[in-house]
Amino acid sequence: MNGDPIEILLVEDNPDDADLTIRTLKKHNLNNPLHHARDGEEALAILHGAEGSGVPPGPLPKLVILDLKLPKVDGFEVLRAIRAHPRTRLLPVVVMTSSREEQDLVRSYELGTNSYVVKPIEFGEFAHAVAQLGMYWIIRNASVR
Amino acid sequence: MTPRVLLVDDSLTVRMDLTETLRAAGFEVVACGTLGEAREALARGGLALAILDVLLPDGDGVELLREIKAAAGAPMPVMMLSTEAEVRDRVRGLRTGADDYAGKPYDRAWVVSRALDLTRGAGSQPPGARPTILVIDDSATVREELRQMLEAQGYGVLTAETGEEGLHLAADRRPAAVIVDGVLPGIDGAAVVRRMRSDSALRRTPVLLLTASSGAATEVSALDSGADAYLRKDAGSAVVLARLGALLRSAGATADSGAAPLDAAKRILAVDDSQTYLQELARQLRDDGYDVVLAHSGEEALQLLDVQPVDCVLLDLLMPGLSGHETCRAIKARPAWRDIPLLMLTALDESEAMIEGINSGADDYITKSADFEVLRARLRAQLRRRQFEDENRKIREELGRREREAVETRAARDLAAARATLLAELEAKNKELESFTHSVSHDLRAPLRAVDGFCAALEEDCGAKLDEAGRRYLVRIRSAVVRMGRLIDDLLAFSRVGRQELLIAGVDMTALVNSVWLELREQHARRNVVFEVGNLPRVGGDPSLLRQAVENLLSNALKYSRGRDPARISFAGKEEGEEALFEVRDNGVGFDPKYTHKLFGVFQRLHRADEFEGTGVGLALVKRIVERHGGRVGAEGRPGEGASFRFSLPKGDPT
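Protein chains in written order, with our numbering: chain Y, 4 to 148; chain X, 111 to 765.
Keep in mind the hints are simulated off the structure, nothing from the lab.
Any given hint could be a false lead.
In silico DSSO-like links for lysine-lysine, alpha-carbon gap of 30 Å or less [stated by the list, open to error]:
(1) X/Lys539 - Y/Lys72
(2) Y/Lys29 - X/Lys575
(3) Y/Lys75 - X/Lys541
If we take Cβ atoms under 7 Å as the criterion, some of the chain Y residues that face chain X in the derived model are [stated by the list, open to error]:
(4) Asn17
(5) Asp19
(6) Ser101
(7) Ile124
(8) Glu125
Ideal placement from N, C-alpha and C gives every residue a C-beta, glycine not left out.
Based on the sequences and whatever the hints tell you, model everything.
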């Protein structure tokens, strides 16, 4: 983490997916400060402060890109915690996952995600999807600060 | 309808006597003195029974018997009537198919009872008629009470005031059961039962004996007389009806079982070369209610046994021809006859003869000089023994049968349990396999994405450093990734269809097919395709799965007809019984019918990848979707002549 406040929080345990996502955002000139959290616990520590450590939470990002399959605390738990906490209640969250399962989609929306994106296998499509969501949520969307 | 009997005998005395007897029993009689007259009577028809003498002035009664039995239609029952002296005739008659054989001098009551038995079912008692109950009681009040009670239950009722009158009515009308008072003027209830039991025609009629008092002694004496059940007179109508119902049921069951009842008339074969002794023996035994068959020699006895089963044999020791010992050994050597009790009769009272008799296999040994009562007692003892053996055998058979049934039941239960366990295991394994397939195909996507992503990165970032071949390889790698991605997607869809619960709704197939077609048509906008969709039946099914199946079938048709101009694709349907049948037809490349069975298998492809792209999952998915709806799939095709795919679904809207 550098001194700049985080604007994009990427929660992703797969380093390949993380690197390709970061690369794509940069290619599309979305050079906003980004933090890559490798599991749910780390993500929640950044948003709400680490439990019992007294470390205060940093400023809120503009967007959370959230994978569902995560070690320790999974994506659903992270989503639930984000929506339950008054500080992050209205924070834009985009679920980005390999799962096309109907039940995962429904559950994500029930828990309050703003968007649900299935990671395409083909990189062209993948890059397109990442670029679109970056543009939309970082540049176009007006969210409650 | 009165049964009509044809009586053929050359003796006027016999004709008059039997005509009178049979008429008294309710028969109509056509009496003839010659074969010629008899044949004329037969030609006129309408006869229920024939009673035939053997020796007739113009021929042989057995000849007529043969003609009757050879006639078309259900053969008429025939009773032969001939002198007891001619065993040969009896053997001949029974071999030719006579239903019974009465020896002269005949017993009138016996002839009547046999005539009644043989004509029963010939219209005298239509099947399904309500059962008739005979009530014998000297009290008019009791008779009337019972009549009202029984008639209210749908029984027919006959009443008699005395035992004699009751027996007469019973012989005449053959009631389904008899209720008799124990105390009657003249012969009492127990005597009525005993008489009925010694009458071969009434022996099997259930009897309910009413007594004034209860107690073990009364019960024993009532049942001893041969009654099937006894009741106190004040038992109440419900109890009487219940017991009566049970008796009629068990009587019906015995009659249905087909086995000869143990209390049927005992038939005794008496063998002696002395006509005088034989006649005396026959008279005495017939008085006791036995059916007696006579033979004058060992040879005749063996011939008779061949055609007529008997319950006991009385055998003279000293006879010309085959001796008693030899006859006895011959009888005991035959497995079918071995168990028939055999009593040896002899004039000699010597222990040596007795020992020899027993050694040859006789069951008992009696001197002719002994009191006739002794013979009776020994005979009863032998018959009882035989009866016990029969009963024991029946019980053993019954036990064996029940044991077999128990074993079979247990085996069936074990089998069902094993099957249920296997089924549960199979289901668990299937689920496991489904979830395995799902997670594998799921987890395969991530590395694949990385391969494609870094290929792209390599191309973009280091493309300048690669030569032409390097860039070509990258293209190959990425197209392989796309193929594998499709495979995984199809596999996922396939496993989802297996796991997913069906959400059944009414589906408008015409609308569904049209909407799928519009989508597909856009992707092939440049092709010239003639598409026809008929008026399709509605079905009950899962709309999203059916959409998937239709899409697979139509894109298949589009794919394999792409060389045609125009391509022709049709989607037709009709209702048949409970099913809706559909057919998708194209004029594409078709397939070789010898591979039809492979078409619907997963990953089965009938075309090379460079001819037609595909994963080989599409039709397997169609099959799975259709079968989950309880339908069937089929296909027909010829190389170059197009293909047709058929499937069925439950028709109409779900209820």
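Task: Indices of hints not satisfied (ascending) - done: Violated hints: none at all, because every hint is consistent with the structure.
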